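Asks: Go by the hints and put chain B onto chain A.
Protein chains: 2
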Amino acid sequence: MLIIHKYGGTSLADSTRIKEVAKRIKKESQKGDDLVIVVSAPSGMTNQLLEQASEICTTPSLREVDMMLTTGEQLSASLLSLALQDIGVDAISFNSFQINMKTTNTYGSAKLREIKSDRIFTEIAKKKVVVITGFQGINEHNDFTTLGRGGSDTTAVAIGVCLNADMVEIFTDVDGFHTADPRLVKNAIQVPYLSHSEALEMASLGAKIMHDRSVALAMKYGINLHVRNSYNDNKGTIIGEAKMEEIKLNGVAHSNKNALINIMGQNISSATIGKIFTRIKDLNINISNISKTQDADNYQQISMLLESDENIERFIKYKDEIIQNKDNEINAIEINQDVAKVSVVGFAVRTSGVFAQIWQELTSNNIDILMVSTSDLSISSVVKLADMEKAVQILHKKFFETANSI
Amino acid sequence: MLIIHKYGGTSLADSTRIKEVAKRIKKESQKGDDLVIVVSAPSGMTNQLLEQASEICTTPSLREVDMMLTTGEQLSASLLSLALQDIGVDAISFNSFQINMKTTNTYGSAKLREIKSDRIFTEIAKKKVVVITGFQGINEHNDFTTLGRGGSDTTAVAIGVCLNADMVEIFTDVDGFHTADPRLVKNAIQVPYLSHSEALEMASLGAKIMHDRSVALAMKYGINLHVRNSYNDNKGTIIGEAKMEEIKLNGVAHSNKNALINIMGQNISSATIGKIFTRIKDLNINISNISKTQDADNYQQISMLLESDENIERFIKYKDEIIQNKDNEINAIEINQDVAKVSVVGFAVRTSGVFAQIWQELTSNNIDILMVSTSDLSISSVVKLADMEKAVQILHKKFFETANSI
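If you're matching them up, the sequences are chains A and B in order.
My numbering runs 55 ahead of the 1-based position in the first sequence.
My numbering runs 55 ahead of the 1-based position in the second sequence.
Think of the hints as simulated: they come from the structure by calculation, not from any bench.
Keep in mind the model is a prediction, meaning the values are calculated, not measured.
Certain hints may be false.
Note that the list lumps identical chains together, so a pair holds whenever it fits in one copy or between two copies.
As the list claims (entries may be wrong) - Using 27 Å as the maximum straight-line C-alpha spacing, the simulated DSS-like pairs for lysine-lysine come out as follows: (1) K298 <-> K347; (2) K372 <-> K439; (3) K439 <-> K263; (4) K157 <-> K171; (5) K157 <-> K181.
Okay, chain A solo, but in the shape it has when bound:
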């Protein structure tokens, strides 16, 4: 079998950790599988480099920042190869140039396009463990690019696709996915299996185990993932094809980097609303939920949920623009950053009654539901940030810890 391993920065933070990872790889390689390892930069190095760049330059060019940052994974890759060689495992490291890991041109957030696999296969045929730099690539100018958030996971999946690997194992510092964040819910149950779409829904709704981008790539190409803890031998979570007809709930996800925006006014015209949304799109602000209400007097309220600091920051700038525009029929814009999204995830949310139970559980515990959104695979409630932890615990108890659980 051909297996891809991916190790994150904390697993490669210092010589001791690197040696531990090497030992694990040796154990796995002794099973007779061919192994390709994808590595992140040592934990802390990226921030340290960015700090030095900011000492040197007030608005660093993204090209040079990527040139600088890509040294991190190259360092990890060479050190891990050395650690493997030291314990008798023949290993060779490659950076993105050496395997022609081509990306789009955008520095800082490039997308992978193509990987040349011949050299990897040549070395695998020599029974070598191949160690590859994650998070990076080269664009059409032969300049280094970085892939942005979730970059190394994405590299691992892409390598898995290109090499037609049997499994991509993502080593992290937790035992895979749980029915809720174990730091919030002490009875959280480890989830042994998720379909790609369930994992994607969990990841995009806040489960920080894997970045949704890499799960989406694995889903697109039907690559099986195995999310495991690099500190132990627990089973972790396998992510693969959906099991036909299996109706269940997978977990409670939460995310706390949100802002709830309310735009209010009397008689806001469709044209004005249209202009606002066009501008929001042009400003690259992503809206995750949206709802609109109006009362008998035609007093309207448009509510939007924004996720991530970048979106919120961009909207805060845009707010002034709307307010200063005298032609608008907008009376007020509220930005509430003290909100969180708590989501129940799984195919079973489509069965009747789940939303009613969520509503009942939260409101009977004095938790206001500020906004609701649903998808085929999840029901998300926006609550006050102060209520988040309690809401996760209540919903986990209801759906995963009682006899009534689905």
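Replies: The following block gives chain B in isolation, referenced to the frame of chain A:
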């Protein structure tokens, strides 16, 4: 004009120094010249990386060590580009892949073969300052190599050759060449001009201003060098064509990483001596001087001077091999590491009387001359290490500080 600058690790050690270098480059670029900058790794980084490698691996593979070390220059190149951009100088960094800086295959001590200059010229044409990683290249497998000692100076000269530059400026932490090391001789005079062969002689006899390898490359291709202090605007030393018929002395060089080897025996056969020298060659031990004496009783002594720790270390191992070999006619082998070589350099050494004066000065000051060697451009005396400083001072005084100086 097209000018190459080379900055060493101490000039790029931290953000403050990098900004200083950027300011100097800006000033130079405002004169209207095209500039290409070659950089070393930040001072200290190479040792730090090697230390981590040795924590991880007892006998690190040279390929992976080079993969690791080349991150250093890439970091310097990107940070210097950022510093230049910050003060309004358009700059772009390249590593050895991006300009196809091809070398031989030997990791750790590769030799430059070819540099692809189109992309450099394209960026120069856009009026950008191009910053290039020194010390590194890629071999025929597309693997990173490093050039070993004097690597970044050599890169700078090679880039100068490939781009047909008007001048290669080597920025270091001293004001170029002096008639002696100013740390030993307070009256040492700064030398404004040296021919390539004079500079090569000074460098190979111990003046640590530049590595002799890069001077030899500049001589071969007739490239003018300018050795300058990166901390000030002093004139430094220009190294160029020999000035016809100019007969002078250039300075007193010294080196203290030497060992004097004496091999002694009665009736040593030519075959045995032949075997010893073949073995020395095979063991990659470089001999810098050699002399042989024998007395009326056919008691023979072969004396050799070794330079550099590597040569000495290899010879110490080889000593046991000779001694253990019962067939040898060798009685004893002495290895004396407490010796130094003090050299008077310049075309004028060929004029009669210079050696006589050296002999007179040293012996009348109770300094034993253990061995002498001469070339067209220098006369070197091997003395006790304890006498080195005094010998340099005496010879400098004689030839450069008195009315009798040549």
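Asks: Looking at the structure, which of the earlier hints fail to hold?
Replies: When the structure is compared with the hints, only number 1 turns out to be violated.
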